[in-house]
Every structure is written in structure tokens, then in C-alpha cells.
Amino acid sequence: MDTVHPPTTFPHPAGAEHLRADVAVVGAGVIGLATAWELRRRGCSVVVVDPDPGAGASRAAAGMLAPVSEVRHQQDALVPLMRASAAAYPGFVAGLEAAAGASVGHRATETLVCAADPADRQALADLRELQLRHGMEVEALPVRAARALEPALSPRLAGAFRIPGDHQVDPRRLVAALLAALTAQDPPEGAPAGPVRIVHDRVTALRRGPSGAVTGVRLSRGGMVSAGGTLLAPGAALAAIDGLPAGARPPLRPVHGDILRARLPDGAPELLGRTVRGLVHGVPVYLVPRADRTLVIGATSREDDLAGASAGGVFRLLRDAQALVPGTADLELTEVLARARPGTPDDVPCLGPVRDPDGTPVPGLVLSTGYFRHGVLLAPLAARLAAQLLAGEPGPDPAADAQLLATTDPQRFATPSPTPRSPR
116 MDTVHPPTTF
126 PHPAGAEHLR
136 ADVAVVGAGV
146 IGLATAWELR
156 RRGCSVVVVD
166 PDPGAGASRA
176 AAGMLAPVSE
186 VRHQQDALVP
196 LMRASAAAYP
206 GFVAGLEAAA
216 GASVGHRATE
226 TLVCAADPAD
236 RQALADLREL
246 QLRHGMEVEA
256 LPVRAARALE
266 PALSPRLAGA
276 FRIPGDHQVD
286 PRRLVAALLA
296 ALTAQDPPEG
306 APAGPVRIVH
316 DRVTALRRGP
326 SGAVTGVRLS
336 RGGMVSAGGT
346 LLAPGAALAA
356 IDGLPAGARP
366 PLRPVHGDIL
376 RARLPDGAPE
386 LLGRTVRGLV
396 HGVPVYLVPR
406 ADRTLVIGAT
416 SREDDLAGAS
426 AGGVFRLLRD
436 AQALVPGTAD
446 LELTEVLARA
456 RPGTPDDVPC
466 LGPVRDPDGT
476 PVPGLVLSTG
486 YFRHGVLLAP
496 LAARLAAQLL
506 AGEPGPDPAA
516 DAQLLATTDP
526 QRFATPSPTP
536 RSPR
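Numbering (our numbering), first residue to last: 116 to 539.
In short, the hints are calculated from the structure, not lab data.
Mixed in with the good hints there might be a few duds.
[Claimed, not checked] If you anchor each label on the Cβ, the simulated ranges turn out as follows: (1) ALA517 x ALA299: 30 to 40 Å; (2) GLU418 x ALA234: 21 to 31 Å; (3) ALA234 x ALA406: 26 to 36 Å.
We put the CB at the ideal spot given by N, CA and C, even for glycine.
Kindly generate the complete structure, drawing on both the sequences and the hints.
So this is what it looks like as C-alpha cells:
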């Protein structure tokens, strides 16, 4: 398959254009685009609104599909979501590559997690106990065995763990493929395909009808989109959209991440064949090798006011990457990038229908945001669940889906309204 190049989309013209579709999708990161594609596959017409599709957090993502490595203490609620979405990835990739006619850079190579010092090894061993309790496969390796798999690893490592079930995808190729699949004129034979339009604009507010149902969105240039269903997937930009019911706006916080891209010199042998993650004096770092001989090095997590990359963050990434894989010092640094990822207080995304203050569901409105560092991994599951809600169609296991949606309830952080007392 050839590499996908983003298709030509349509900047919103000046004036108050009024567009109509079955569903309006606000946000063209990997979550919004994947949901739009899932809706198109169900025959829905879709308008996707975003000022710069694919240029937000999705552009900086490393694309690790790591339901095992991403397990954290006191975050058990995330585990079923990550496992369900990881299981859906092969089918998601196959369908998308067929629709787009190009690869998304999915690689089923395993992951090695390495410790720089004995304290790091103990922390990873403790985490392995939690992973094993979840029934996950994590194999402790002597450093010599890890270096037999990846000779570029430092001989000074204190330990390593092999995770065969953690893979990767290239988010930039994934976004390009989603855009291509959304705008393809000739979908695979027999596949339903609703018309899709991608509009380069910002959403300023929701539109609500007399009955209280959301009937679409208003755009910054005076236009509007009328739709029977609306998906809000704008990441941290949700704060700038008016019209959400009181208590329905989740407490998102921007978590900035610095990430680097480097390239092997011409003629140099492959540095890594697997994703390498690790702890270096308690600080996480990862190195993700791409098929095009580039390496992604990331990522910091900082909550500050810097709009661009942090000099200290870039220094730490380079230092810690070299602690795990000394050969990274010989690479050509080709990109330094930072993006803000939308985080929630419990690091679990917000996905589901929205309710008015009296508890009544708002017809036609679904929220999907707050994915922090899990957006690429959770995209297949998030797209399916949101599309089912918007299309009014049950999934193959409604009880399991209901349990997942209870975990991701967008209004789980809202303070309950006091119950009125009955007069005596």
C-alpha cells in the first residue's frame, strides 16, 4: 500500500453558510475522525468541523498501542477500556486501510520496558505484579537477554521486561488515512457511505431547539450546521464552546507533552526493531522506531503555561533516551514538538450522552474528550461507542457497552444538585 497524503478539504467560505447533515462532528483529531468514519460506514452524512484537522494532540502522539505498559496503580477503571480497544485494533486497521488504500503504519512488534537503575527495576517489578493480576503477559528478562533482542540497549541497564502484546501505529498516517477514507468517492464495494464534508472553522456554540434537543452547531464565521446528532470531540477546546448544560462541562486540564523525532543517518543499520520504554531515575521515557527509519522519543507531561516545547523537557528526553539506548546520540534530530492533551481528574476519558441539570438526557448530544495520552489506543472503541449512541443502534454486547459507558460518564465529576425537601 502507498502512504496516504491528506486529501483536499474545504475551507469554510466567508458568509453564513448553512450546512446540513445527519451528524455534526466537532473536532478532527483521531477521536473525532475515527467516529466520523464509523458514522459514514453506517450510512450517515457527516460534517466535521475543525480549524486545522489532525494538527492538535494527534499530530504529536507516538502511537503506542500499549494496554499493558499503560497500566497504572489506582487506575483500574482504564484497564477494560484499553483492553477492549486494543482487541478491536486489527479489525479497525484492516477496514481503514481497505477504505483509504494505504497503510497506517501498524506494527505488531513487541515492547521492551527497561530500568536504568535498581530503584527503577523495583518500580517496574511492582507494576508487573499489578499487570499480572489483570491477567496480562509481562516477562522479566535479564539484561543480557534483552540486549540479545535489542543490541543497541545500554549494557548498564538494571533490568528489562518483555511485553509481547503492546504494539504501535503511526498517528500521522492514521489521521491521513481517516481523512482519505472520509472523503473517498468510491468506498469498498458493498459498504454504505454517507457523504462527508470537512469544514475548516471553529465551533462557537451549540444550537438547541424548542424541545431542548441539540440541533447542530454555530460556527465562528457566522455559518451553522444543522444535524440530528452532534459529537463534541474538540479536546481542550471544549472550554470555548457555549451552550453546554450547567454541570455538563467536564473539568479538563491541558497536559503539555514535549516529543522529539530523529532520523537514522543514511546507510546506518537499524537502531531498534521494537518499542523501548523505560524508567530513568523514576522518570518515564520511550523510543518508538518507525518503518521509515525515524525514531519518536517522548514524552514529557507538564502542566505549565509554555505554549511551545520546554528546553528542560527536551534536554531530559535526549538524556534519558541515551541512558537506555546510547546510539540515539548519533541520530539527526528532525523535529521538536509540543502539544496539550486534555486530561481529566481521574485520567479516564469523558464519553457518553449529556444530561441537563434535572438529569434529563439532552437529545442529539454526545461528548467524547479527555483522552489524555490514550487517544490513539482508545480510538476504535471510542468511535464505535459514540457512533452507536448517535445512530441509535445497539452494539454486539449492550450490557458490556453500558458498563464501559458508565465508567466514562462525562458528568461523573458534577456535584449532585441537592434534593428538594418535601414540605411538612
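Now for the hints, and whether the structure bears them out:
Between ALA517 and ALA299 the Cβ separation comes to about 33 Å, which falls inside the hinted range of 30 to 40 Å. Range check, GLU418 to ALA234: about 25 Å between beta-carbon atoms, so the 21 to 31 Å window is met. The beta-carbon spacing between ALA234 and ALA406, approximately 35 Å, falls within the hinted interval of 26 to 36 Å.
Hint compliance for this structure: no hint is broken.
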